[in-house]
Amino acid sequence: MEQNLSGPALIKASAIAVVLAAVVFITLVMPAEFGQDPTGIGKQLGLTAIAEAEEKTVIQYADNGGELREDTIELVVPAGQGIEYKLFMEKFQKVEYEWLSAGDAMYFDLHGEPKGDTTGYFESYAIATLPEMKGSFTAPFTGTHGWYWKNTSAEDVQILLQTKGQYSLAKPAQNQEDTP
Amino acid sequence: MLLLFGSLTFAHGVDEQTRLFLQSNTGANLIPFMYIGAKHMITGYDHLLFLFGVIFFLFRTRDVLIYVSLFTLGHSTTLLLGVLMEVQLNAYLIDAIIALSIVYKGFDNLGGFRKILGHSPNSKMVVFIFGLFHGFGLATKLQEFQLPEDGLLTNLLAFNVGVELGQFAALAIIVIAISAWRRHESFMRFATVSNTLLMSAGFLLMALQLTSYFQS
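Read top to bottom, the protein sequences are chains U and E.
Read in order, the letters of the first sequence correspond to residues 1 to 180 in the working numbering.
Read in order, the letters of the second sequence correspond to residues 1001 to 1216 in the working numbering.
One chain only, chain U, in its complex shape (with noise of 0.2 Å):
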């Protein structure tokens, strides 16, 4: 069972069928899923975006060099002392972090210093006295970054640190005295 179109109406279906789709697939389909944008209007319903949106995710690993790392670091602060520890990161690149005392709240400062810089200037991100923190942070500059800990206790305290996220394992400072 069929219908039985005359052959122009036939062909004026096939006909309307084959523009139809062909108009769809240039304006909508090839922005959205292609990122090919020939008529203009992809991008002006925004439909491009869906395409750009795959391609930029790849292109930022790209650019950083940076794959995705974790790190579990065991640290001690040794009584009456300051540690800092710290991760080198290109601007923009990210980390998520958790670092837990075994002892009592500690004060801590979280701040990154800019590469190459003399002046001695670093921009705090945290800082607080806890006896854990857990969050993430973006790098503003490329630098260093990370936390310097002060013990004011009488005995050692062992902090555990988890990072995970894009950087490099910067040297660990000890001993410093001063805050950063």
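Honestly, the hints are just simulated from the structure, not real lab data.
A few of these clues could be false.
Stated by the list, open to error - No farther apart than 25 Å at their CA atoms in a straight line, the calculated lysine to any residue pairs in the SDA-like style are these:
{"no.": "1", "chain 1": "E", "residue 1": "1124", "chain 2": "U", "residue 2": "2"}
{"no.": "2", "chain 1": "U", "residue 1": "91", "chain 2": "U", "residue 2": "127"}
{"no.": "3", "chain 1": "E", "residue 1": "1124", "chain 2": "E", "residue 2": "1192"}
{"no.": "4", "chain 1": "U", "residue 1": "12", "chain 2": "E", "residue 2": "1188"}
{"no.": "5", "chain 1": "E", "residue 1": "1039", "chain 2": "E", "residue 2": "1087"}
{"no.": "6", "chain 1": "U", "residue 1": "43", "chain 2": "E", "residue 2": "1216"}
{"no.": "7", "chain 1": "U", "residue 1": "12", "chain 2": "E", "residue 2": "1055"}
{"no.": "8", "chain 1": "E", "residue 1": "1124", "chain 2": "U", "residue 2": "4"}
{"no.": "9", "chain 1": "E", "residue 1": "1115", "chain 2": "U", "residue 2": "16"}
{"no.": "10", "chain 1": "U", "residue 1": "12", "chain 2": "E", "residue 2": "1121"}
{"no.": "11", "chain 1": "U", "residue 1": "12", "chain 2": "E", "residue 2": "1190"}
{"no.": "12", "chain 1": "E", "residue 1": "1141", "chain 2": "E", "residue 2": "1206"}
{"no.": "13", "chain 1": "E", "residue 1": "1141", "chain 2": "E", "residue 2": "1128"}
{"no.": "14", "chain 1": "U", "residue 1": "43", "chain 2": "E", "residue 2": "1206"}
{"no.": "15", "chain 1": "E", "residue 1": "1115", "chain 2": "U", "residue 2": "20"}
{"no.": "16", "chain 1": "U", "residue 1": "12", "chain 2": "E", "residue 2": "1097"}
{"no.": "17", "chain 1": "E", "residue 1": "1124", "chain 2": "E", "residue 2": "1064"}
Claimed, not checked - Label-pair distances were calculated between CB atoms; the ranges are:
{"no.": "18", "chain 1": "E", "residue 1": "1060", "chain 2": "U", "residue 2": "22", "range": "33 to 39 Å"}
{"no.": "19", "chain 1": "U", "residue 1": "132", "chain 2": "E", "residue 2": "1039", "range": "38 to 44 Å"}
{"no.": "20", "chain 1": "E", "residue 1": "1172", "chain 2": "U", "residue 2": "138", "range": "51 to 57 Å"}
{"no.": "21", "chain 1": "E", "residue 1": "1168", "chain 2": "U", "residue 2": "91", "range": "54 to 60 Å"}
{"no.": "22", "chain 1": "U", "residue 1": "8", "chain 2": "E", "residue 2": "1215", "range": "33 to 39 Å"}
{"no.": "23", "chain 1": "E", "residue 1": "1168", "chain 2": "U", "residue 2": "4", "range": "29 to 35 Å"}
{"no.": "24", "chain 1": "U", "residue 1": "4", "chain 2": "E", "residue 2": "1086", "range": "44 to 50 Å"}
{"no.": "25", "chain 1": "E", "residue 1": "1214", "chain 2": "U", "residue 2": "11", "range": "24 to 30 Å"}
No residue lacks a Cβ here, since even glycine has one placed at the ideal position from N, Cα and C.
Please arrange chain E on chain U, whose structure you already have, making use of the hints.
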């Protein structure tokens, strides 16, 4: 229409969680595989569009059952054989053929083949053959997951049963809707428009799959 195209890339893809499940699964897992099969069918609009075309002019329940059984026989055969014999076909090309089946059915419904060839090709045979291609499509997608050998046959059968259940559920809705519509005089008036749109959707899916193929 826009909604339909919005989720185009996910039409046949299996979502991330399902992928993880399929790849980490070991042993026979009846219900999950049935579920995945059913979900695949219900969300696989190219299968549904083809079925819509097939039953568009089937007025009797008996005919619906015969045609759908032939389609099922076709795709079950190639789904099982394809996976068990590890037949690897290009997913984009298979999907392009499935899209072609939609165009074919739309054109056939318009009476195109009778006009050109003087007769409509044996439509039962055609439905069976396209069923074979639809099954290869399913098989190709399943094989991308490198399913573990352990419990493979059981899982495949469960997947296939799920596909049938999903197809049945979707068909029930389509049949009821079309039957209701047929009583209306607008059905014949819009029959040409409907099948033209069906062809157009087939052309669009073909363009999408072929472009993806040439880009891959």
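Consistency of the hints with the structure:
About 14 Å separates the Cα atoms of residue 1124/E and residue 2/U, which keeps this hinted pair within 25 Å; it holds. For the hint linking residue 91/U to residue 127/U, the alpha-carbon distance of about 21 Å falls within 25 Å, and the restraint holds. Of the supplied pair hints, the one linking residue 1124/E and residue 1192/E holds, its CA atoms being roughly 22 Å apart against a limit of 25 Å. About 18 Å separates the Cα atoms of residue 12/U and residue 1188/E, which keeps this hinted pair within 25 Å; it holds.
The straight-line distance between the Cα atoms of residue 1039/E and residue 1087/E is roughly 23 Å, inside the 25 Å bound, and the hint therefore holds. With a C-alpha separation of about 24 Å, the suggested pair residue 43/U and residue 1216/E falls inside the 25 Å cut-off, and the hint holds. Only pairs whose Cα atoms come within 25 Å are accepted, and residue 12/U paired with residue 1055/E is accepted, the gap being roughly 23 Å. Proximity of residue 1124/E to residue 4/U is assessed by CA-CA distance (about 19 Å); at most 25 Å being required, the pair is judged to hold.
With a C-alpha separation of about 18 Å, the suggested pair residue 1115/E and residue 16/U falls inside the 25 Å cut-off, and the hint holds. A hinted pair counts as satisfied when its Cα atoms are at most 25 Å apart, and residue 12/U with residue 1121/E qualifies at roughly 22 Å. The hinted pair formed by residue 12/U and residue 1190/E meets the criterion: a straight-line CA distance of about 15 Å does not exceed 25 Å. Taking the CA atoms of residue 1141/E and residue 1206/E, the gap is about 17 Å. The hint holds against a cut of 25 Å.
The hinted pair formed by residue 1141/E and residue 1128/E meets the criterion: a straight-line CA distance of about 20 Å does not exceed 25 Å. Between the alpha carbons of residue 43/U and residue 1206/E the distance comes to roughly 23 Å, so the proposed pair stays at or under 25 Å and holds. Between residue 1115/E and residue 20/U the CA atoms are separated by roughly 23 Å; this keeps the pair inside 25 Å, and the hint holds. The suggested pairing of residue 12/U with residue 1097/E holds, with an alpha-carbon distance near 24 Å, which does not exceed 25 Å.
Simply put, residue 1124/E and residue 1064/E have alpha-carbon atoms about 11 Å apart, close enough for the 25 Å limit, and the pair holds. At about 37 Å, the beta-carbon gap between residue 1060/E and residue 22/U stays in the expected band of 33 to 39 Å. In this structure, residue 132/U and residue 1039/E meet the distance hint of 38 to 44 Å, their C-beta atoms being roughly 42 Å apart. The hinted window of 51 to 57 Å between residue 1172/E and residue 138/U holds, with their beta carbons roughly 52 Å apart.
Taking the beta carbon of each, residue 1168/E and residue 91/U are about 57 Å apart, inside 54 to 60 Å as hinted. With their beta carbons about 37 Å apart, residue 8/U and residue 1215/E fall inside the hinted range of 33 to 39 Å. At about 32 Å, the CB distance of residue 1168/E to residue 4/U agrees with the hint of 29 to 35 Å. Range check, residue 4/U to residue 1086/E: Cβ separation about 46 Å, and the 44 to 50 Å hint holds.
Look at residue 1214/E against residue 11/U: about 29 Å separates their beta carbons, and that is inside 24 to 30 Å.
In summary, this structure violates none of the numbered hints.
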